[in-house]
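Take these sequences, add in the hints, and give me the full structure.
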Amino acid sequence: MEPDVLDYIGEKYEGVVIESYGAGGLPFQDRRNFLEKLGALTEKGKIIVIATQVMFEGSDMGVYEVGVKALKKYNVLQAYDMTIEAAITKLMWIMAQTKDFDEVREMFYTRINEDSLY
Numbered sequence: 001m002e003p004d005v006l007d008y009i010g011e012k013y014e015g016v017v018i019e020s021y022g023a024g025g026l027p028f029q030d031r032r033n034f035l036e037k038l039g040a041l042t043e044k045g046k047i048i049v050i051a052t053q054v055m056f057e058g059s060d061m062g063v064y065e066v067g068v069k070a071l072k073k074y075n076v077l078q079a080y081d082m083t084i085e086a087a088i089t090k091l092m093w094i095m096a097q098t099k100d101f102d103e104v105r106e107m108f109y110t111r112i113n114e115d116s117l118y
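Residue 118, in the working numbering, is where the sequence shown stops; the numbers in between run on with no holes.
To be clear, the hints were calculated from the coordinates, so they are not data collected in a lab.
Hints are supplied without guarantee of correctness; some may be wrong.
Listed below are the simulated DSBU-like cross-link pairs for lysine-lysine, each with C-alpha atoms no more than 30 Å apart in a straight line [to be verified]:
| # | residue 1 | residue 2 |
| --- | --- | --- |
| 1 | LYS73 | LYS12 |
| 2 | LYS72 | LYS44 |
| 3 | LYS90 | LYS12 |
| 4 | LYS46 | LYS72 |
| 5 | LYS44 | LYS90 |
| 6 | LYS73 | LYS99 |
| 7 | LYS72 | LYS12 |
| 8 | LYS12 | LYS46 |
| 9 | LYS73 | LYS46 |
| 10 | LYS99 | LYS46 |
| 11 | LYS99 | LYS72 |
| 12 | LYS90 | LYS73 |
| 13 | LYS72 | LYS90 |
| 14 | LYS44 | LYS73 |
| 15 | LYS99 | LYS44 |
| 16 | LYS99 | LYS12 |
| 17 | LYS46 | LYS90 |
| 18 | LYS44 | LYS12 |
Pair by pair, the computed Cβ-Cβ distance ranges are [unchecked claim]:
| # | residue 1 | residue 2 | range |
| --- | --- | --- | --- |
| 19 | THR110 | GLU11 | 26 to 32 Å |
| 20 | TYR109 | ASP7 | 24 to 30 Å |
| 21 | ASP4 | ILE112 | 33 to 39 Å |
| 22 | ILE112 | GLU36 | 32 to 38 Å |
| 23 | GLY39 | LYS99 | 23 to 29 Å |
| 24 | GLY39 | THR83 | 25 to 31 Å |
| 25 | MET92 | LYS44 | 30 to 36 Å |
If you're wondering where the values come from, they're calculated on a predicted model, not measured in any experiment.
Backbone N, C-alpha and C fix where the C-beta goes; we use that ideal spot for every residue, glycine too.
Next comes the structure, spelled out in structure tokens:
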């Protein structure tokens with residue numbers, strides 16, 4: 001997928017959930033630089049959640065260089081042990097109430113399931 005797709009998505013939506021490689025990897029070099037697009041989206045106040053396609057591992061953006069860079073530079077959230085469906089649903093519910101990043105982050109990381117890690 002080309003990172004430019006995030007330009008279009010950012011024009012249409014207030015929040016984006018990205019299903020990353022492994023525990024939190026994204027392409028970040030040359031023409032497939034998703035980090036630049038994350039920066040542009042977060043500057044516009046868009047809420048970005050990074051999830052994983054690994055079913056039982058959860059996301060951990062601290063594992064890969066790109067994840068560490070994204071967490072340090074941009075206001076992005078991690079889905080951790082949430083499924084992609086749970087992250088999307090929770091984000092939609094939260095963003096119906098607020099689009100302020102700090103409030104979204106607090107609500108997103110509030111446990112609503114006793115079996116959840118976050």
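Status of the hints after comparison with the structure:
1. Simply put, LYS73 and LYS12 have alpha-carbon atoms about 24 Å apart, close enough for the 30 Å limit, and the pair holds.
2. Of the pairs offered as hints, the one joining LYS72 and LYS44 holds, with about 17 Å between alpha carbons and a cut-off of 30 Å not exceeded.
3. The suggested pairing of LYS90 with LYS12 holds, with an alpha-carbon distance near 19 Å, which does not exceed 30 Å.
4. Restraint check for LYS46 and LYS72: the C-alpha separation of about 17 Å stays at or below 30 Å, so the hint holds.
5. Restraint check for LYS44 and LYS90: the C-alpha separation of about 21 Å stays at or below 30 Å, so the hint holds.
6. Restraint check for LYS73 and LYS99: satisfied, since their Cα atoms lie roughly 19 Å apart, inside the 30 Å limit.
7. A threshold of 30 Å between alpha carbons decides the hint, and for LYS72 with LYS12 the separation of about 26 Å falls inside it, so the pair holds.
8. A C-alpha spacing of about 11 Å is found between LYS12 and LYS46, which places the hinted pair at or below 30 Å, so the restraint holds.
9. Taking the CA atoms of LYS73 and LYS46, the gap is about 14 Å. The hint holds against a cut of 30 Å.
10. Between LYS99 and LYS46 the alpha-carbon distance is near 8 Å, which keeps this suggested pair within the 30 Å criterion.
11. As the CA atoms of LYS99 and LYS72 are separated by approximately 21 Å, the hinted pair is consistent with the 30 Å bound.
12. A C-alpha spacing of about 24 Å is found between LYS90 and LYS73, which places the hinted pair at or below 30 Å, so the restraint holds.
13. With a CA separation close to 24 Å, the supplied pair LYS72 and LYS90 stays within the 30 Å bound.
14. Of the pairs offered as hints, the one joining LYS44 and LYS73 holds, with about 14 Å between alpha carbons and a cut-off of 30 Å not exceeded.
15. Of the pairs offered as hints, the one joining LYS99 and LYS44 holds, with about 11 Å between alpha carbons and a cut-off of 30 Å not exceeded.
16. Among the hinted pairs, LYS99 with LYS12 is consistent with the structure: their alpha-carbon atoms are about 15 Å apart, no more than 30 Å.
17. A C-alpha spacing of about 16 Å is found between LYS46 and LYS90, which places the hinted pair at or below 30 Å, so the restraint holds.
18. For the hint pairing LYS44 with LYS12, the CA-to-CA distance comes to about 12 Å; that is within 30 Å, so the pair holds.
19. THR110 and GLU11 have their C-beta atoms about 30 Å apart, which keeps the hinted 26 to 32 Å range intact.
20. Here the CB-CB span from TYR109 to ASP7 is close to 28 Å, well matched to the stated 24 to 30 Å.
21. A hinted range of 33 to 39 Å for the beta carbons of ASP4 and ILE112 is consistent with their spacing of about 35 Å.
22. With their beta carbons about 34 Å apart, ILE112 and GLU36 fall inside the hinted range of 32 to 38 Å.
23. Distance hint check: the CB atoms of GLY39 and LYS99 are about 18 Å apart, inconsistent with the given range 23 to 29 Å.
24. In this structure the hint that GLY39 and THR83 lie 25 to 31 Å apart at CB holds, the actual value being about 27 Å.
25. One distance hint, 30 to 36 Å for the beta-carbon pair MET92 and LYS44, is violated here, with the actual separation near 19 Å.
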